[in-house]
Amino acid sequence: MNFKATVITNVEVSPGYFRLRLTAPQFFVTAASPGQFVMVRVSASIDPLLRRPFGIFDVGVMATEYPDVQQPFLDILYKVVGKGTAMLAGFHHGDQMEVLGPLGKGFGTGEPSEGKVLVGGGVGLAPLYYLARELVKESRVHLFAGGRGRDDVLCITEFERLGVETYVSTDDGTLGERGLVTEVLERYLANGTGAKTIYACGPFPMLKAVAEIAGRTGIPCQVSLEAYMACGVGACLGCVVKGRDHSEATPDYRCVCKDGPVFDHTELSWEQRL
Amino acid sequence: MNFKATVITNVEVSPGYFRLRLTAPQFFVTAASPGQFVMVRVSASIDPLLRRPFGIFDVGVMATEYPDVQQPFLDILYKVVGKGTAMLAGFHHGDQMEVLGPLGKGFGTGEPSEGKVLVGGGVGLAPLYYLARELVKESRVHLFAGGRGRDDVLCITEFERLGVETYVSTDDGTLGERGLVTEVLERYLANGTGAKTIYACGPFPMLKAVAEIAGRTGIPCQVSLEAYMACGVGACLGCVVKGRDHSEATPDYRCVCKDGPVFDHTELSWEQRL
Amino acid sequence: MNTPDLSVEIAGIKLRNPVMTASGTFGYGAEFARYMDLESIGAIITKGLSIRPKAGNATPRIVETPGGMLNAIGLQNVGIDAFIADKVPFLRTISTPVIVNVYGNTLDEYGELAGRLDRIPEVAGLEVNISCPNVKQGGIVFGTDPAAAYEVVKMVRDATIKPVIVKLSPNVTDVVTMAHSCADAGADALSLINTLTGMAIDLAKRKPVLANITGGLSGPAIKPVALRMVWQVARAVKLPIIGIGGIMSATDALEFMLAGATAIQVGTANFLDPTAAQTIARDMERYLAEQGIADVKELIGALRS
Amino acid sequence: MNTPDLSVEIAGIKLRNPVMTASGTFGYGAEFARYMDLESIGAIITKGLSIRPKAGNATPRIVETPGGMLNAIGLQNVGIDAFIADKVPFLRTISTPVIVNVYGNTLDEYGELAGRLDRIPEVAGLEVNISCPNVKQGGIVFGTDPAAAYEVVKMVRDATIKPVIVKLSPNVTDVVTMAHSCADAGADALSLINTLTGMAIDLAKRKPVLANITGGLSGPAIKPVALRMVWQVARAVKLPIIGIGGIMSATDALEFMLAGATAIQVGTANFLDPTAAQTIARDMERYLAEQGIADVKELIGALRS
Ligand SMILES: Cc1cc2nc3c(=O)[nH]c(=O)nc-3n(C[C@H](O)[C@H](O)[C@H](O)COP(=O)(O)OP(=O)(O)OC[C@H]3O[C@@H](n4cnc5c(N)ncnc54)[C@H](O)[C@@H]3O)c2cc1C
Ligand SMILES: Cc1cc2nc3c(=O)[nH]c(=O)nc-3n(C[C@H](O)[C@H](O)[C@H](O)COP(=O)(O)OP(=O)(O)OC[C@H]3O[C@@H](n4cnc5c(N)ncnc54)[C@H](O)[C@@H]3O)c2cc1C
Ligand SMILES: Cc1cc2nc3c(=O)[nH]c(=O)nc-3n(C[C@H](O)[C@H](O)[C@H](O)COP(=O)(O)O)c2cc1C
Ligand SMILES: Cc1cc2nc3c(=O)[nH]c(=O)nc-3n(C[C@H](O)[C@H](O)[C@H](O)COP(=O)(O)O)c2cc1C
Ligand code: FES
Ligand code: FES
Chain C
1 MNFKATVITN VEVSPGYFRL RLTAPQFFVT AASPGQFVMV RVSASIDPLL
51 RRPFGIFDVG VMATEYPDVQ QPFLDILYKV VGKGTAMLAG FHHGDQMEVL
101 GPLGKGFGTG EPSEGKVLVG GGVGLAPLYY LARELVKESR VHLFAGGRGR
151 DDVLCITEFE RLGVETYVST DDGTLGERGL VTEVLERYLA NGTGAKTIYA
201 CGPFPMLKAV AEIAGRTGIP CQVSLEAYMA CGVGACLGCV VKGRDHSEAT
251 PDYRCVCKDG PVFDHTELSW EQRL
Chain F
1 MNFKATVITN VEVSPGYFRL RLTAPQFFVT AASPGQFVMV RVSASIDPLL
51 RRPFGIFDVG VMATEYPDVQ QPFLDILYKV VGKGTAMLAG FHHGDQMEVL
101 GPLGKGFGTG EPSEGKVLVG GGVGLAPLYY LARELVKESR VHLFAGGRGR
151 DDVLCITEFE RLGVETYVST DDGTLGERGL VTEVLERYLA NGTGAKTIYA
201 CGPFPMLKAV AEIAGRTGIP CQVSLEAYMA CGVGACLGCV VKGRDHSEAT
251 PDYRCVCKDG PVFDHTELSW EQRL
Chain V
1 MNTPDLSVEI AGIKLRNPVM TASGTFGYGA EFARYMDLES IGAIITKGLS
51 IRPKAGNATP RIVETPGGML NAIGLQNVGI DAFIADKVPF LRTISTPVIV
101 NVYGNTLDEY GELAGRLDRI PEVAGLEVNI SCPNVKQGGI VFGTDPAAAY
151 EVVKMVRDAT IKPVIVKLSP NVTDVVTMAH SCADAGADAL SLINTLTGMA
201 IDLAKRKPVL ANITGGLSGP AIKPVALRMV WQVARAVKLP IIGIGGIMSA
251 TDALEFMLAG ATAIQVGTAN FLDPTAAQTI ARDMERYLAE QGIADVKELI
301 GALRS
Chain A
1 MNTPDLSVEI AGIKLRNPVM TASGTFGYGA EFARYMDLES IGAIITKGLS
51 IRPKAGNATP RIVETPGGML NAIGLQNVGI DAFIADKVPF LRTISTPVIV
101 NVYGNTLDEY GELAGRLDRI PEVAGLEVNI SCPNVKQGGI VFGTDPAAAY
151 EVVKMVRDAT IKPVIVKLSP NVTDVVTMAH SCADAGADAL SLINTLTGMA
201 IDLAKRKPVL ANITGGLSGP AIKPVALRMV WQVARAVKLP IIGIGGIMSA
251 TDALEFMLAG ATAIQVGTAN FLDPTAAQTI ARDMERYLAE QGIADVKELI
301 GALRS
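Chains as they are written, first to last, in our numbering: chain C, 1 to 274; chain F, 1 to 274; chain V, 1 to 305; chain A, 1 to 305.
Simulated from the structure, these hints should not be mistaken for lab results. There's no promise every hint is true.
Only pairs whose alpha carbons sit at most 30 angstroms apart, straight line, appear in this in silico DSS-like list of lysine-lysine [what the hints assert, rightly or not]:
id: 1; chain 1: C; residue 1: K208; chain 2: C; residue 2: K4
id: 2; chain 1: V; residue 1: K238; chain 2: A; residue 2: K297
id: 3; chain 1: C; residue 1: K4; chain 2: C; residue 2: K83
id: 4; chain 1: F; residue 1: K4; chain 2: F; residue 2: K208
id: 5; chain 1: F; residue 1: K83; chain 2: F; residue 2: K137
id: 6; chain 1: V; residue 1: K207; chain 2: A; residue 2: K154
id: 7; chain 1: C; residue 1: K83; chain 2: F; residue 2: K208
id: 8; chain 1: A; residue 1: K297; chain 2: V; residue 2: K205
id: 9; chain 1: A; residue 1: K207; chain 2: A; residue 2: K154
id: 10; chain 1: F; residue 1: K79; chain 2: F; residue 2: K4
id: 11; chain 1: A; residue 1: K297; chain 2: V; residue 2: K297
id: 12; chain 1: V; residue 1: K205; chain 2: C; residue 2: K83
id: 13; chain 1: V; residue 1: K207; chain 2: A; residue 2: K238
id: 14; chain 1: F; residue 1: K79; chain 2: C; residue 2: K4
id: 15; chain 1: C; residue 1: K137; chain 2: C; residue 2: K83
All values reported here derive from a predicted model rather than from experimental measurement.
I would like the entire structure built from these sequences, with the hints used as guidance.
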């Protein structure tokens, strides 16, 4: 569905990262599932022209100043990287924007009560919060959160408040362990026991490393991809990635927007320029 | 000069008409003369792409919250007619925009102490206020202000506060006399005595009628024109109007932005599509 | 006043209103079914179809540019067998006419496509894409050489009794000559414009943004070029014209009709707003009602000068 | 680190940096003298000059379009006599090279213009406009027909020993063929692109917005087309190239250089911001310094693929 959303809050949670809370129709909140995304029209003008895709950080219903009125909402967590996100950062309480969603295929939550392992790199953490909120209901959840530096590791206390066990690492060692999130993950898995599922979101090289680990260890793994998008609904074929069996003769392209953004790691070819 | 101006106030003075006060450098205030204009960059994006021209409604220096600090300012009075002016109407205190000016050739204030006759149609009143403020110092000033309806006749009390004698007319009779401003003007001139100069700004048909009256009565007359503009500095040749002696063989095009916007009525050919 | 008449006819295809969706921007129709009412628009043009499935180009395939976007999808499509098996059943469920955009690597492929689609009752007509700039082999040549265009159109014309619309490329010196060739070869209507060939560069990476290096420019940026070409062709050629290029609003659509278009297509706007085509059709009706114009056909080519 | 070297050379003209101002968007230079430092840029190209003064088209002559603008000035200019008498004296006061954009109705006029300017020491070179789309007579034909372009360039080449830059039209099927013709005829450099022919319509009035009906599209909207053409021509032709089209920033300018341009021109951006050319030159220098690039010439054609 396409709806006009009103900004409730738009807060800089870490330098260059914002958490935006928008009003949403109840229908949206009911329909959304973790891992899905929205396409946001940042400007009513032609600059920027296209909508911008963002994962759903959270959805819910909040109290308002009127005791009987509940406001359904949608949260996104975004990083300012270019023109569109810079404009988004300028939105204030009461401003409006068009939102299309929930879009795409989210995470499969799998069998309950297994150990769930979340791996997030930088703003790739965004779709994992809503997922964690669902998963903690039935499973023990471990989060491996990585980033360049301390400012790039987001909302860890929020995850901990859900009861998630968190493992933080940064490239420069300014927060948690120094090193790659996948190194910490691998050590954990080497020690760990019991059936698990991995859920990962972050830069492509990180996802590729996670998929490699999953393949090697035989742990089921779902990854959430990013791609340049125009339509978000499977019409333009701009956002495709190569599926496992892709070749020129037997093309197997998947739309990140419609067949994903979440894929089983075995569905994809990991040899691609993204 | 090109400067970054900050919005002080942006007030709707009549439905669809706004008075915008901007900070300006002292140099601007000193350099500006009545009838000159500014080119305002309404958006830092490419939509709208070009700057918008507006007459200088007023300039001056105002007190601030700090007793020792004076703030030079620039006022424009604008009507919301399209995309650019609609966006301008959304500017708030503290917002910034780029302003180029003062541009063009303003009104010649002529010999002091003659009777001065100002004729303004709709938002054409805008550049006449600053002019009136200068003229009242040495002359008796009469203002003929016309518009579609009562909402289109602007800032009359401001003119009266300067000591200007005002004559209001509207097409629909909702304020002042019913009829065209040029009809009222003509009646006044028929009765009037003494040397006068006419200063007119408004829609082209109004200016043409005023020029015709001036020509017939031999009263000196200056008109301020509008034209589609790109550069505002005489470089693009987009804003030209035909001069008196224009012909295909001996082209005599004048730039509204550089040779005008104020012209002596005898300088122009009045046969043109504008 | 009465509701204005928005119906038009293109090459014998009756449209409830002049708003079509442009090939490649609306999938096979089904993708938009949950966002808008497919029965609210005049026609749907499906994604460019070839004989065999086509992989399309490597990614990145799209990039935003000032007031527009470049795409180099490379005509990825399911091929005619899968089209008939998987897409046609859905198209059967809607009453809006469906026009199939076709693309061949060779003359024979154009003929074969036309021949096979001729037998599918759900297909209201063909739009022949001779202008896709992204596929090195063939496409661009047919679209920029009047004699080659004549051959393609003749081939399609002879292979089907369905209406044949030819889609013209703007990347030519003289679009009117191209239009004449297509008309001479038996086209029933012309649609224009396809995308302008363009390029984007990533300064930091010192690389073209698109894997294909160049791509097709669409969106509001190209509207003035499209409007000019529609106007030129409409004055020179007797065939009905479908105007395409940067149409974002009913105002844009009606400008194309004044320039001489009988119908219009909405492309990139579908990405900005999945309800765009429906909204444009509705706003056209409102405009006509407000202006007291009884029939949209009064506006076709009604430009004064 | 040391200040980077921004100097480039085009057809023997030494430029302190690659930033020129585009013909028709910078008057005769003097118009901008109070807003920016004319000594801060590489070169100034003056408004298209013809033998006799030209009235130009009726108004409206300009209109904004999405991400761009249309102009149909119609080459209004003072003519060569007034140019020499009134404009050259100012140009003498600045050290920045001045290149004169010339335009003829006939071959002979091109020759005459070139011959007369050959004798003016203040003129660093000629830019031959064979591509102005607004003047029915002549212009567009020279600019779209390779043989006619050859004739014009040959004529100018034979009439002057000054550097000859030929400015190409984008309104062609094959810009590379045009470039080859100009190279064969003795051009020292090529500049591209001129404006794309477009049109705007006023729905309420049911009229074209421009009195001339069609006009030339410039501004950010055309940048992808310009970049593509510069890239195509740079790979095919040995001459130095000046990239033009929608350049608003140093990033844009450097993208054109990666595509193969030795210098660039700033056009419509001068209208948005009269200091644009100076700002772009300054920001180019900053970028090079930040990136540790010692010489801007390293970037020319340095696109990877
Ligand atoms: C399914 C999905 C979910 C996403 N979720 C989030 C999220 O929760 N939080 C967040 O901060 N970011 C998220 N992103 C990335 C986000 O869409 C881009 O950072 C954003 O579009 C950049 O826009 P811009 O105008 O600021 O940047 P610009 O660089 O100016 O953008 C230019 C163009 O590039 C596209 N683009 C740039 N970077 C990306 C990217 N990484 N992925 C896709 N398109 C890109 C833009 O859409 C636009 O078309 C997600 C992307 C996808 C595909
Ligand atoms: C010297 C001069 C002084 C002016 N002073 C004032 C003033 O004090 N107050 C005021 O309200 N208006 C004034 N105008 C008119 C004002 O510039 C236009 O109303 C405004 O540009 C419209 O912009 P828009 O984006 O809202 O309209 P749009 O219709 O969206 O504008 C589209 C284009 O048309 C141009 N345009 C539209 N109408 C006009 C017009 N009447 N004159 C020139 N260009 C136009 C715009 O600049 C733009 O390029 C003046 C115009 C000129 C030339
Ligand atoms: C992503 C994308 C894919 C396209 N695919 C096709 C296609 O398969 N066949 C075709 O004829 N045109 C195709 N086009 C061109 C459009 O149908 C249309 O002609 C063009 O986009 C201009 O219209 P617009 O500015 O409204 O988008 C495509 C355009 C886009 C943006
Ligand atoms: C108002 C205007 C007038 C122009 N006049 C000329 C001209 O006289 N001769 C010429 O060769 N190009 C002329 N041009 C084209 C520009 O020099 C330039 O090629 C074109 O505008 C594209 O660059 P831009 O997008 O940076 O503006 C003119 C462009 C504009 C906008
Ligand atoms: S974004 Fe259009 S198909 Fe995925
Ligand atoms: S606006 Fe450019 S010359 Fe007047």
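So, going through the hints one by one against the coordinates:
| no. | hint | verdict |
| --- | --- | --- |
| 1 | C:K208 - C:K4 | violated, 36 angstroms |
| 2 | V:K238 - A:K297 | violated, 53 angstroms |
| 3 | C:K4 - C:K83 | holds, 21 angstroms |
| 4 | F:K4 - F:K208 | violated, 36 angstroms |
| 5 | F:K83 - F:K137 | violated, 38 angstroms |
| 6 | V:K207 - A:K154 | violated, 37 angstroms |
| 7 | C:K83 - F:K208 | violated, 47 angstroms |
| 8 | A:K297 - V:K205 | holds, 17 angstroms |
| 9 | A:K207 - A:K154 | violated, 41 angstroms |
| 10 | F:K79 - F:K4 | holds, 22 angstroms |
| 11 | A:K297 - V:K297 | violated, 57 angstroms |
| 12 | V:K205 - C:K83 | holds, 18 angstroms |
| 13 | V:K207 - A:K238 | holds, 21 angstroms |
| 14 | F:K79 - C:K4 | holds, 28 angstroms |
| 15 | C:K137 - C:K83 | violated, 38 angstroms |
Checked against the numbered hints given earlier, this structure breaks hints 1, 2, 4, 5, 6, 7, 9, 11 and 15; the rest are met.
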